[in-house]
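J.: Okay, here's what each chain looks like letter by letter:
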Amino acid sequence: MSDRKYTKDHEWIEVSGGEATIGISDYAQDQLGDVVYVDLPDVGQQVEKGAEAAVIESVKAASEVYAPASGEVTARNDALDDNPALVNESAESDGWFYRMKLSNMSDLDGLMDAEAYAAFVEALD
Amino acid sequence: MNIERTTISGARGLDRDEPLSFEQDAPGRTGVDLPAAPDAPDRLGSLRRQGGIGLPGLAEPQVVRHFVRLSRMNYAIDYGLYPLGSCTMKHNPRLNERLARLPGIGDVHPMQPTSTTQGVLRLMSELAHWLTELTGMATVAMTPGAGAQGEMCGMMAIRAAHEARGEPRKRVLVPESAHGTNPATAAICGYEVDSIPATADGRVDMAAFEAKLGPDVAGLMLTNPNTCGLFERDIIRIAELIHGVGGYFYCDGANFNAIVGKVRPGDLGIDAMHINLHKTFSTPHGGGGPGSGPVVFSEALAPYAPLPKVVQRDGRYELVEQEDGPRVGRMKGFHGQFGMFVRALAYMQSHGRDGLKQVAEDAVLNANYVMEKLKDLLPPAYPGPCMHEVLVSDRGLDGTGVETMDLAKALIDEGYHPMTVYFPLIVHGAMLIEPTETETRETLDSFIGVMRGLVEQARAGEETAYFKAAPVMTPRRRLDETLAARKPVLRWVPEAPVAEAAE
Chain A
1022 MSDRKYTKDH EWIEVSGGEA TIGISDYAQD QLGDVVYVDL PDVGQQVEKG
1072 AEAAVIESVK AASEVYAPAS GEVTARNDAL DDNPALVNES AESDGWFYRM
1122 KLSNMSDLDG LMDAEAYAAF VEALD
Chain B
-8 MNIERTTISG ARGLDRDEPL SFEQDAPGRT GVDLPAAPDA PDRLGSLRRQ
42 GGIGLPGLAE PQVVRHFVRL SRMNYAIDYG LYPLGSCTMK HNPRLNERLA
92 RLPGIGDVHP MQPTSTTQGV LRLMSELAHW LTELTGMATV AMTPGAGAQG
142 EMCGMMAIRA AHEARGEPRK RVLVPESAHG TNPATAAICG YEVDSIPATA
192 DGRVDMAAFE AKLGPDVAGL MLTNPNTCGL FERDIIRIAE LIHGVGGYFY
242 CDGANFNAIV GKVRPGDLGI DAMHINLHKT FSTPHGGGGP GSGPVVFSEA
292 LAPYAPLPKV VQRDGRYELV EQEDGPRVGR MKGFHGQFGM FVRALAYMQS
342 HGRDGLKQVA EDAVLNANYV MEKLKDLLPP AYPGPCMHEV LVSDRGLDGT
392 GVETMDLAKA LIDEGYHPMT VYFPLIVHGA MLIEPTETET RETLDSFIGV
442 MRGLVEQARA GEETAYFKAA PVMTPRRRLD ETLAARKPVL RWVPEAPVAE
492 AAE
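So the protein sequences, as listed, match chains A and B.
If you read the first sequence in this note's numbering, its first letter stands for residue 1022, the second for the next number, and so on.
If you read the second sequence in this note's numbering, its first letter stands for residue -8, the second for the next number, and so on.
Calculated from the structure, these hints are not laboratory results.
Wrong hints could be hidden among the right ones.
Here are the computed lysine-lysine pairs in the DSSO-like style, where the Cα-Cα straight-line distance is at most 27 Å [as the list claims (entries may be wrong)]: (1) Lys203(B) / Lys161(B); (2) Lys323(B) / Lys1029(A); (3) Lys323(B) / Lys348(B); (4) Lys323(B) / Lys253(B); (5) Lys300(B) / Lys323(B); (6) Lys1070(A) / Lys203(B); (7) Lys1070(A) / Lys161(B); (8) Lys1029(A) / Lys1070(A); (9) Lys1070(A) / Lys1122(A).
Which bits of chain A does chain B cover? Going by a derived footprint, with three or more residues having C-beta under 8 Å, they are [stated by the list, open to error]: (10) 1054 to 1060; (11) 1090 to 1097.
From the three backbone atoms N, C-alpha and C, an ideal C-beta is built for every residue, glycine too.
Could you put together the complete structure from these sequences and hints?
T.: This is how it looks when you write it as structure tokens:
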């Protein structure tokens, strides 16, 4: 968990074995309320840092989920198609969104670690 | 004494839950006594129907009661205060209805020869005149069927204007405080949507806006007053800047009620704006529909406004339906929502120019009255006076465990349609309250009393379980919106399948 990074838009990204896993933070799922639908990128799709990569819809709102880094999508969490509630139950593990091969490791520079993100969220409330 | 009672029938007083008509089916029961089919040879062969047709069998009084019972579960502007923000649920004057039913108006057919419909065309022409005068714009397209189609009409005209100049463009700027349909409209018209953040006081962030301007920007879609219930004070500068890069300025006129008779959008530099006749000009909406969203255009976009239009030639009114030129295509069949045109013009003429100005003033006054009376318990999301609607966040409920949704549901038990909730998205737990000008001070005071009472109960912490379960006095308790969205049941299916036609 130590190398997990967070964005100001409440996405998390964790690199392991040349592949990064992306999802939304537990704070984000709590703010959204019950998630009813997640639109994930397709395998093979190129995503660009800061651009829309997925869409999440809750009972309150539909929101874009931005890519925390650029790269090529290598896997998507198909379990969310049938059970979007996984995002609420387990945003930072089983409720992951997609995996990708990073184009540029330096994209992760400037993202927050867990401690900095916790402080960032604290300041929002 | 606090007596709770679960009724034997499940009814709550005179209100009862009502099964679907299909669930009340008694095969063969009917309200019409048809003669037996003649004993004639069947010539349909294999095309003959094999099974039931799936319509419920009900007697006439069952059908009548079914729909009357359903109607009692509805909430209407004719029943009570309807403070749904950004919807302008004002009273629909009965005078409008009377005029819409006049012989010659209520029974006119769209395909009658224009020699027999001169009065009707004149009515459309006069309404068009009022709309262009009130907005200070060059022309109007009357046909769009509602606000969202009006937006589409305006954005199609903007696209046509750029294409006519041989320079199609890519991006449309949309502030975060715009209506949700604005980015959807830009996207469906083929544009990339670029969002402009709001400032801490709920207006367009001018620095961010200027930074996003460029030669690929087709235009801006702005709602004014915006969905924070605030007037965009930099609007003239915004218009200058968007025009400076060759873009056009689309304004969402959904909130025109706050400024009608006070400000002319044309004077602000707006190029296109739809007007919801069903909001500002009191024609019915909210399940009662239909909407009507005429679009006014500046000189710059007038050549692209869609037909038809009414013109006067030699003292006669004509409906122009075809013309060479760069206009965008027809938006709707025939003349548009003519019945709404009658009601809107009746409203305008019965109020007059001075009356319409007072409409805007009273709408703003009522919203500010509500804001002032609630602000110690429910602080406004942004400082200063509001326009026609007041936006509060859920700060007043912090630490109570009661959320915006729970408060809205409790309002139903108190006999009110809830305000708009969780919109705009930029405010946490948003509650958007639009009382409109047609409510009395007594009605506003009652509503304010209920809102204050509910917030105080939430803060006292003793009723949290109630808030989480509300509404409890309705024939149906709180609906499971999450389940409905995750596993929607879109079609009734009989429990025991009826015999299907042979494959």
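J.: So, against the hints stated earlier in the document, which numbers end up violated here?
T.: 2, 3, 4 and 11
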